[in-house]
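S.K.: Work out the full structure, taking the sequences as your base and the hints as a guide.
Just so you know, the sequences run in chain order A and B. For what it's worth, our numbering labels the leading residue of the first sequence as 1, then goes sequentially. For what it's worth, our numbering labels the leading residue of the second sequence as 1, then goes sequentially.
It is worth saying that the hints were derived from the structure and are not from the lab. Careful: at least some of the hints might be erroneous.
[As the list claims (entries may be wrong)] Which residues of chain A face chain B? A partial, calculated answer using Cβ under 10 angstroms:
1. Phe-107
2. Ser-327
3. Gly-416
4. Glu-441
5. Phe-446
[As the list claims (entries may be wrong)] Straight-line distance between alpha carbons at most 25 angstroms, and here's what the computed DSS-like set of lysine-lysine pairs gives:
6. A:Lys-88 <-> B:Lys-675
7. B:Lys-675 <-> A:Lys-52
8. A:Lys-144 <-> A:Lys-88
9. B:Lys-90 <-> A:Lys-662
10. A:Lys-265 <-> A:Lys-138
11. B:Lys-111 <-> B:Lys-58
12. A:Lys-455 <-> B:Lys-507
13. A:Lys-675 <-> B:Lys-52
14. B:Lys-144 <-> B:Lys-265
15. B:Lys-533 <-> A:Lys-330
16. B:Lys-89 <-> A:Lys-662
17. B:Lys-27 <-> B:Lys-337
18. B:Lys-265 <-> A:Lys-58
19. B:Lys-507 <-> B:Lys-455
20. B:Lys-675 <-> A:Lys-111
21. B:Lys-330 <-> A:Lys-533
22. A:Lys-144 <-> B:Lys-675
23. A:Lys-90 <-> A:Lys-58
24. A:Lys-675 <-> B:Lys-58
25. A:Lys-662 <-> B:Lys-138
26. A:Lys-27 <-> A:Lys-346
27. A:Lys-35 <-> A:Lys-366
28. A:Lys-58 <-> A:Lys-111
29. A:Lys-379 <-> A:Lys-283
30. B:Lys-455 <-> B:Lys-533
31. A:Lys-533 <-> B:Lys-613
32. A:Lys-533 <-> B:Lys-594
33. A:Lys-52 <-> A:Lys-111
34. B:Lys-533 <-> A:Lys-594
35. A:Lys-88 <-> B:Lys-377
36. B:Lys-675 <-> A:Lys-650
37. B:Lys-88 <-> A:Lys-662
38. A:Lys-533 <-> A:Lys-568
39. B:Lys-58 <-> A:Lys-90
40. B:Lys-377 <-> B:Lys-366
Built from N, CA and C at the ideal position, the CB exists for glycine as well.
Protein chains: 2
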Amino acid sequence: MSWWNVYRTNVNMAFKDINPDIDTERKGCNFDVEKLTHVLDGGADNTHIRRKVEGVLKQDLLTNLEELYFMNREERYLRTIRNVVYIKKKMEEMNWAEDGPESEYVFRAVKGEFGFPLHNGVFIPCINALGTDAQIAKWIPLSKSYQIIGSYAQTEMGHGTYLRGLETTAVYDASTQEFVINMPTVSAMKWWPGDMGRSATHAVVFAQLYTQGKCHGMHPFIVQIRSLEDHSPLPGVMVGDIGPKMAFEQVDNGYLMLSDVRIPKENMLSRYSKVSDDGMYRKRGSERMNYFTMVMVRVNVVATEVIPSLLKACTIAIRYSVIRRQSELKPGEKEAKILDYQTQQKKLLPQLATGYAAHFLSVGLKTFANQVYMQIKTKGDFSSLPELHALTTGLKAFITDSCIAGVEECRKACGGHGYSVLSGLPSLSTRTSASCTYEGENTVMFLQTARFLFKCLAAAQSGQSLPPSVAYLSESDIKSRTVSKKNVLNPDTYVETYRHRACRLIKEAASMLQSQIQSGVEQYVAWNNSSVKLVQAAEGHCYYITVKTFVEALEQLRHEPEIHRIVKQLCDLYALHGILSHTGDFLYDGFVTKEQMDQINQSYLELLALLRKEAVPLVDAFDYADEQLASAIGCYDGQAYSRLLEWAKKSPDNPKVKETFKQYLNSLFVSPVSKL
Amino acid sequence: MSWWNVYRTNVNMAFKDINPDIDTERKGCNFDVEKLTHVLDGGADNTHIRRKVEGVLKQDLLTNLEELYFMNREERYLRTIRNVVYIKKKMEEMNWAEDGPESEYVFRAVKGEFGFPLHNGVFIPCINALGTDAQIAKWIPLSKSYQIIGSYAQTEMGHGTYLRGLETTAVYDASTQEFVINMPTVSAMKWWPGDMGRSATHAVVFAQLYTQGKCHGMHPFIVQIRSLEDHSPLPGVMVGDIGPKMAFEQVDNGYLMLSDVRIPKENMLSRYSKVSDDGMYRKRGSERMNYFTMVMVRVNVVATEVIPSLLKACTIAIRYSVIRRQSELKPGEKEAKILDYQTQQKKLLPQLATGYAAHFLSVGLKTFANQVYMQIKTKGDFSSLPELHALTTGLKAFITDSCIAGVEECRKACGGHGYSVLSGLPSLSTRTSASCTYEGENTVMFLQTARFLFKCLAAAQSGQSLPPSVAYLSESDIKSRTVSKKNVLNPDTYVETYRHRACRLIKEAASMLQSQIQSGVEQYVAWNNSSVKLVQAAEGHCYYITVKTFVEALEQLRHEPEIHRIVKQLCDLYALHGILSHTGDFLYDGFVTKEQMDQINQSYLELLALLRKEAVPLVDAFDYADEQLASAIGCYDGQAYSRLLEWAKKSPDNPKVKETFKQYLNSLFVSPVSKL
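M.R.: Here it is in structure tokens:
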């Protein structure tokens, strides 16, 4: 029995009784699943630590897999707070350091059901980044011990992406050495901040700073909003929960209205700017490091929240598709596993390939971000920051779009049971869906990347050298290799194909913009008139980067031939799927011909048939325990139907039926219409 | 003041105070919105009746727009039952006949929050269709007076689309003149039937009929499942609610397990087949009429549930996009309305065009279905039924796919507020999303259409004439017209372009299939190996039919030039958007050239700018009252922000905060880890 199987036996709940239909899938596997897990974890040591953390937390925290599905918002919210306190105590008990290797895996282990996400994830880092040493010394210990709970109040009801449009004001009153904070309109109210609805006692509030009658733009202020005695709102503060959302029931996103709320002068976070007693404003130091913080938040949220949702959805949908049988494929035989249908393979396997692509991309981004961080830290060299910023904006949009579409495709591919909350898929889908908006609206992100690409294109045309990820913009046009049966699965060929498209789209968008400006259209109008095209160009760039990064990751696996083989098939499928989803872009200028496209299509269908055979081991390798999937139809043992029944019986909507229904119905019939 | 405005003033809630940003949009309108509403309603008389119904029901039924968003499943469920009883009484009071013109509008007025949907929508029609006269006389009066509540139990836990795979059995026992019903496995349990979880006292259960040791296939049986005294399950019956779903909180989808449940012989619905006392089985009459019933259910659910969701989502998203302002478009000016951004226009306006396309298609399908019904009824002529069946399967899949994607695109285009349940968009999206599965899984539907297309192609090749909708398969290849600036917006040109693509895809799929079979691959394997292509072919056919139907509807508007003008723009946008979303399909064989595609793209962007100007009146024309939209951000008055705040304050999650939170948090910190 392999290490893998020993682990499985210990960790998974109902392992004893494996559905034979899923068992067969594992027996036919031609690669070592455990090795692939190590690759995904970035090494066997990480796998070991991760499983240790999951094992420890499982004992106390994870009881019934399905319990969250039957809780209301109140219960979900309280559960996350229990979790966060528990984790804090447990980490102390286990001697796991806050920045130690174990802490990285805690979030995954509790499925993101983690209380005070803004307090821990944004409020504290924000004070650390924007506060002076004295401010850090005052506020961080209070926060870490949960004596205060902080939120982060930037987004307003009427203002999101465009920060200069924020309406909240902080006017300095030199006579009292205070700032007076106001939200003059409904649209100026802070809206959406997490932890605000119920938890927060304090918030970092972003406001337009006015001193000596002059506006100095947006600045951060620490404002106490609720009493530390009885948690009631302080005078001038209107605060509450914004109501239900599409998912994230457990988070108390809130609203905040401040009317003439006075805070002491020292509550302005002043690492980068200072107001003197008489109201003189001055900046100090460089705020460039803030960009880096924002970049890292994006990289992390994609890595820990968005991509895992796609990996989980693939796990559930693919496992279900080998135990679900439907219709005769071969006349007279038993109904076929639905994954044996080409149409089902075409729905799911490209999502699986996307999951792997996104994973490797995310690892690549993290590596690059760490390099940039070291450059800044050791040499004060910020030169790679614009490239990192542009990469992460575009790729944030690109990956989240892919994952949103992928999760929902997986959900729909499971038919009716995929619509049942108990499958785990609806919550994955509705939760992922938020990621097109949070941490930067995707269209805005793509347009920022487009702006960077244009700058680079202009730089290239004036002979300057370009950062590595965009260096291709300065290369002369690439000639098409002939796509043939032999090289359609050659990574060099398809990377080149994507590069060509990206280059063409960017240059066309640039010339579209240029020709309008030359014909006298104002710059801002021309930009808007070209923006659909600009988004396409940025997407083309992101697609190229993603395929290229996947191929580079593949190269690293040469020493493990069996892993290399299977990952290459995924990489090929990802690349070909992207071409076939945008055939027009490649046929347009003849870079790919009709006959080559036919060849690509044929190879694609062959890949689907190949990967179908190892699809279950490929999702097993993600190594999500049943507790993390919380899916009646996607558990490791493949016992979908009996688990659906078991869970449905626990539904709180069940016990209340019986007589009450008849009484209610009868009462309605005797009531007059007007009383109904 | 126009009739329209008078109506608006009376019907809409907060009409007095109109957001000036939305007001401007209406003032600039160049067509008569009221006239367009009449077109959509199929005549001014219908509009009049509809508004009358909405006005009457509004008085009693619709109180707070947002109330449903704060109810739990129990409350939602009870509310629908109140509604259905109220409607029954009100219709009697108002003397509205059950099959009268008013009844058609009742569902729309209550936003589909209608109790006992299966009882009224399927159980009763099913008995009427499949029961003998004696059975109808016995069961229908009991059902209509709600003395019994019926469900429709066909789908099983492990079996959906493929009816022959159903496992439930009904074995005839001649000694007692009873059927013995059994579900031998968990996967044989009935799963998903609406009204089953809590309401139903009876169900039409589909089971494999066995008499004299022989299986005669699936037949319907009326089975009592709960006591008429105290509503508790009868012996041998396990019944309950299947738990939460992605939406449809108000529906009690249920499960049902029958173990040796005996029902009298006369409970088998016997219009088309009969079992004699000694167990002799015989069929009688033709069941073809059943196909027609199934077709009509599909047509109706798309028309009343799916398309309206897209129209509502467009209404909400477009209204919000003219009051939401974001970023400077022109430097130094006020932040721009987000609908002024080309990228936002590109997200929303094609969905609006799709809404109109789907509406006209749905009207066309209904008209055709009525013709077929008359042919059957008056002449016993079933010859058009296969065409109608093929059309409705493919188009069911095609329209639901379009509407699902469209609603979600609208939701995402509203950013954070579109993620708030209070916007009304999440429930529209999650509810619509179910339609890819119910009433026939979409991939299966497309493949059924493909099968029909192949039969027609073969018939054409052997010289037979084809039904009108597929007649193009017998035409010789169409030569491409040159797409130029002049004719890119010529409906003949784009209808031809779509027809060419459909024809090509169908023929290619046929030859793919054929060449495999000729090379010795078994028929069923070849079919599966071609199924991705087959689905594309069926989609191509549906796209062509939809564009053609839109153009035909447009022709009917020639006598109203201003309406014709604006609807033509929508039709053009729909057609061009489809081409640009599948450029590869048109470039592939050079039917559209690179230069023509550029021209199409340019015209497309021009259309976006044109339609943007009249977007608000175009959604106003759908004439959804605020009560039906139930959206904080999409009401007629454009007061999104103040309404969001007003509703959020009512959230039941708000009052409970205060001290309890601090107490809870403190209690956690003093508890030992193991007790958390």
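S.K.: All hints are to be evaluated individually against the structure, with a verdict given for each.
M.R.: Each hint tested on the structure:
| no. | hint | verdict |
| --- | --- | --- |
| 1 | Phe-107 | violated, 18 angstroms |
| 2 | Ser-327 | holds, 4 angstroms |
| 3 | Gly-416 | holds, 5 angstroms |
| 4 | Glu-441 | holds, 6 angstroms |
| 5 | Phe-446 | holds, 9 angstroms |
| 6 | A:Lys-88 <-> B:Lys-675 | holds, 14 angstroms |
| 7 | B:Lys-675 <-> A:Lys-52 | holds, 21 angstroms |
| 8 | A:Lys-144 <-> A:Lys-88 | holds, 10 angstroms |
| 9 | B:Lys-90 <-> A:Lys-662 | holds, 21 angstroms |
| 10 | A:Lys-265 <-> A:Lys-138 | holds, 14 angstroms |
| 11 | B:Lys-111 <-> B:Lys-58 | holds, 11 angstroms |
| 12 | A:Lys-455 <-> B:Lys-507 | violated, 47 angstroms |
| 13 | A:Lys-675 <-> B:Lys-52 | holds, 21 angstroms |
| 14 | B:Lys-144 <-> B:Lys-265 | holds, 23 angstroms |
| 15 | B:Lys-533 <-> A:Lys-330 | holds, 19 angstroms |
| 16 | B:Lys-89 <-> A:Lys-662 | holds, 18 angstroms |
| 17 | B:Lys-27 <-> B:Lys-337 | holds, 16 angstroms |
| 18 | B:Lys-265 <-> A:Lys-58 | violated, 54 angstroms |
| 19 | B:Lys-507 <-> B:Lys-455 | holds, 12 angstroms |
| 20 | B:Lys-675 <-> A:Lys-111 | holds, 21 angstroms |
| 21 | B:Lys-330 <-> A:Lys-533 | holds, 19 angstroms |
| 22 | A:Lys-144 <-> B:Lys-675 | holds, 22 angstroms |
| 23 | A:Lys-90 <-> A:Lys-58 | holds, 12 angstroms |
| 24 | A:Lys-675 <-> B:Lys-58 | holds, 14 angstroms |
| 25 | A:Lys-662 <-> B:Lys-138 | holds, 22 angstroms |
| 26 | A:Lys-27 <-> A:Lys-346 | holds, 23 angstroms |
| 27 | A:Lys-35 <-> A:Lys-366 | holds, 22 angstroms |
| 28 | A:Lys-58 <-> A:Lys-111 | holds, 11 angstroms |
| 29 | A:Lys-379 <-> A:Lys-283 | holds, 23 angstroms |
| 30 | B:Lys-455 <-> B:Lys-533 | holds, 16 angstroms |
| 31 | A:Lys-533 <-> B:Lys-613 | holds, 21 angstroms |
| 32 | A:Lys-533 <-> B:Lys-594 | holds, 16 angstroms |
| 33 | A:Lys-52 <-> A:Lys-111 | holds, 16 angstroms |
| 34 | B:Lys-533 <-> A:Lys-594 | holds, 16 angstroms |
| 35 | A:Lys-88 <-> B:Lys-377 | violated, 74 angstroms |
| 36 | B:Lys-675 <-> A:Lys-650 | holds, 24 angstroms |
| 37 | B:Lys-88 <-> A:Lys-662 | holds, 17 angstroms |
| 38 | A:Lys-533 <-> A:Lys-568 | violated, 32 angstroms |
| 39 | B:Lys-58 <-> A:Lys-90 | violated, 56 angstroms |
| 40 | B:Lys-377 <-> B:Lys-366 | holds, 16 angstroms |
Hint violations for this structure: numbers 1, 12, 18, 35, 38, 39, all remaining hints satisfied.
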